[in-house]
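Student: Given the structure of chain S, go ahead and fit chain R onto it with the hints provided.
Read top to bottom, the protein sequences are chains S and R. Just so we're aligned, residue 37 is where the first sequence starts under this note's numbering, counting upward by one. Just so we're aligned, residue 37 is where the second sequence starts under this note's numbering, counting upward by one.
Note that these hints are calculated values from the structure, not bench results. It should be emphasised that the depicted structure is a prediction, and the values quoted were computed from it without experimental measurement. Be a bit skeptical, because a hint or two may be false.
If several chains are the same, the list does not tell them apart, and a pair holds so long as it fits within one copy or across any two.
[Said to hold, decoys possible] Listed next, the in silico DSS-like pairs over lysine-lysine satisfying Cα-Cα at most 25 angstroms (straight line): (1) K124 with K163; (2) K536 with K465; (3) K233 with K124; (4) K356 with K233; (5) K356 with K316; (6) K316 with K163; (7) K536 with K550; (8) K73 with K550; (9) K74 with K230; (10) K339 with K384.
Protein chains: 2
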Amino acid sequence: MGQQAILGQSATIFASNPMTGETLEPAYAGGSAEEVKKACQLSWEAFDRYRETSLETRAVFLETIADEIEAIGPALIERAVAESGLPKARLEGERGRTCGQLRLFASVVRAGEWLDVRIDLAMPERKPMPRADLRQRHIALGPVAVFGASNFPLAFSVAGGDTASALAAGCPVIVKAHSAHPGTSELVGRAIQKAVKACDLPEGVFSLMFGSGREVGAALVADERIKAVGFTGSRSGGTALMKIAQQRREPIPVYAEMSSINPVFALQQALESRGDEIAKAFVASLNMGAGQFCTSPGLVIAKKSATLDDFVQVAGEALKESATQTMLTQGIHEAYQQGVSRLSANNKVREVARGRVGEGPNQCQAGLFLTSADDFLNEEELQEEVFGATSLIIECRDDDEVTRIAEHLEGQLTATLQMDDADIDAARKLLPTLERKAGRILVNGWPTGVEVGHAMVHGGPYPATSDSRSTSVGTAAIFRFLRPVCYQDLPDTLRPEAIKESNPLKLNRLVNGKRES
Amino acid sequence: MGQQAILGQSATIFASNPMTGETLEPAYAGGSAEEVKKACQLSWEAFDRYRETSLETRAVFLETIADEIEAIGPALIERAVAESGLPKARLEGERGRTCGQLRLFASVVRAGEWLDVRIDLAMPERKPMPRADLRQRHIALGPVAVFGASNFPLAFSVAGGDTASALAAGCPVIVKAHSAHPGTSELVGRAIQKAVKACDLPEGVFSLMFGSGREVGAALVADERIKAVGFTGSRSGGTALMKIAQQRREPIPVYAEMSSINPVFALQQALESRGDEIAKAFVASLNMGAGQFCTSPGLVIAKKSATLDDFVQVAGEALKESATQTMLTQGIHEAYQQGVSRLSANNKVREVARGRVGEGPNQCQAGLFLTSADDFLNEEELQEEVFGATSLIIECRDDDEVTRIAEHLEGQLTATLQMDDADIDAARKLLPTLERKAGRILVNGWPTGVEVGHAMVHGGPYPATSDSRSTSVGTAAIFRFLRPVCYQDLPDTLRPEAIKESNPLKLNRLVNGKRES
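Looking at chain S on its own, in the form it has when it is part of the complex:
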């Protein structure tokens, strides 16, 4: 933790290669309760200094982390391949995304819009009461606990989006490494430590801990020095952290991205004009990364028709051909098998097709199932996420039933419309419901593939996330870790730079309700 590597006092963790089942050296010792406290204390001691570093210092720090990750070279990719079973090219792309994300946040820090400075100038002559000088800026919430996700060992892990946005906001970060990729985590953690040192920042700005979510993770979230939590993972894991956070003496925000089945609405004209193409693209999206994406299309909703029958058949054929892929961990593979078995065993559900049976351990055999709208509406369990390459098609009698399905859905990260121009009216009718249900609405694309930009929303109503007011991908993710402070009549010499009279940071400030030009 901080700059020190401490040999943990708790149970040891070994990674395992999901492609072979073999255990990977070395052992990683889980942190004890004492070590959690120590990491929290270090981050607390770093907080006041780190949150007031200059925008340039913090931007350079984020860029240095990116440089240091790249400097690890092929060793990082090799270890990540061994620990995750993901293909080399995918992990190289993910590294590019991770470093690009850090550099994007550096540009966001420099631009300073996130400070959201608002100034109401004094009006000493105002009647009946004079107005004081009021200046608002945003400051960092405090040390943040980040939980690495298994399915993106780089982009949603130690130096992923949660860490990048929290560090950008001025929050020290303590990462609880995912036990599926401790070696990858260690390599990235050391890269961040190097950047902390190179930038002459307090060591508590970043710590990395190993251990179980139930012990180390729970202790982190319960520690009073932690002021926010970033998490990507299962619904049960996320809700457990929410509960701990709410039961603290001082409750804190938890940003948990949890569970989404990402409905695809295949509208009638689109199916008629290009059903085969949509079917194949759907199966390709479903198979991406063995379906282990938060945005995997787990549901297709369409009106019952001969065209839909054709779509189902083409999709089924494509699925049968799909090559198997290794899943991330044995646990995920087992949960996937159980989820598919539940669907198979449900007599309201028809199996359309299964993918190839793979050789070796932890192979994801894709699955495509079909049910009626009535049955979907009546069986809550059909709405449960099956994490992996399995999807369910829902046949509806008419447009009204399509809308009823949409209304029945829980909160989602995404909702997709496959539509042609002739479907515009049907789409217009669905949109208000989709806006209430999802963080992102796509037309004629596929939800897998989340762009890291300024306009992205990777969020959505519960249970997609614990806080629909936020996004965990894209530059707006920084707002999760900030709070406003108002300064009334503070002498200019005491004012932080963002609100000084001379505007030394050249920020675009809201003055008396108008934008400074």
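Tutor: Chain R only, in chain S's frame:
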């Protein structure tokens, strides 16, 4: 509810005049569980249409509410005086503030900055992957339950800041009227209903319910159609609502403004140069509205010295002279008496002075007490808010002890520095702590009196509020009731106006990370 006045099925409520104890006609019937459901259903049916009303329609609606409240005339003030015991001039001022606030939010709605539109344009030629067109705007969260506060029967009640900001965001509102001023609530509620009708909006945009917090209030917060809660009141009331909101199938945000003792740090040079003046101004602030302000200065922290002794003496003399004032309700008066008795009975606390004993019921007898830093640090109960005109002075040995007191404090709405130029270094040392503890930091002012502007923060870390990322006063309060939605490759004809290619609303949009000029 909606446009109908429904005779409730539950226990009846009578207001009582706190100045005389007499019961005020008429009776107000509390809503039943059935009626809560009906109000929620009406608001749900209004939601999709109301949230997509044009900016102009919504702005005019807010202005019409203000006009209709003014149109009630003296009857509103008379009833509010009778129900609250507050002076006529104060309530007239509060009405001005309430209507000004509605009109300010109308201007905010028109300006449209709250939509926070971000556009990342498509890059079809980008390698290795093309970029889709991504457009983000903010939409209303859903119907909001608002709880009227007792201490501002107009500005924090039926048409107060929570209602104004939620309506501005596009959320229908259901207000649970505070039982201390049902008549005032009814008059304002009818004014809003008139505005709903005049603006041809769906009736479910606004409903008003009477009844107890434990029944009607709890049922409202538990209803799945309610998507956020605004509350100003006690810590126990706020935390009870937080609990209900978190235990729902879909947890929702609660914005509860609860408990703050608003520390005043009287720095050494300021005390020496103008201790008498500060003492008198402090007592004036403490006595405002019988101390029944969320921002009443309940704590003064200073270094032990002969100068402080003088300050204490002058403040005590001023307090003894203070005229008594009627408190808002019998319940508040009883709780105040108990709070003061706890301080009096504590052998670590010395009574400096008590104000005059009033005649008639519910008179607030002001109180000033003193304790040592050691004792304050050791006795948690000394940090509890005593709602009313009582304050506690803490004597510290040195600057370090002042800082320790600051660090020991729970989250606050405000923290105040009384300082001279020669205190700049001491103030600079305290600032990082105060920023972590409070939503607003004042210099040489008094925390009572909360400006409704763009830069105001009326918020702060728990338990001052349930969500330190927000403010309940000022235009930034609108952000509490919004969430982002991203539209990917949506055809322009389906795009909401805010994100259309031609920018018909002339918004200042972030395009590819840069501001459109």
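Student: Would you pick out the hints that fail for this structure and give their numbers low to high?
Tutor: 3, 4, 8
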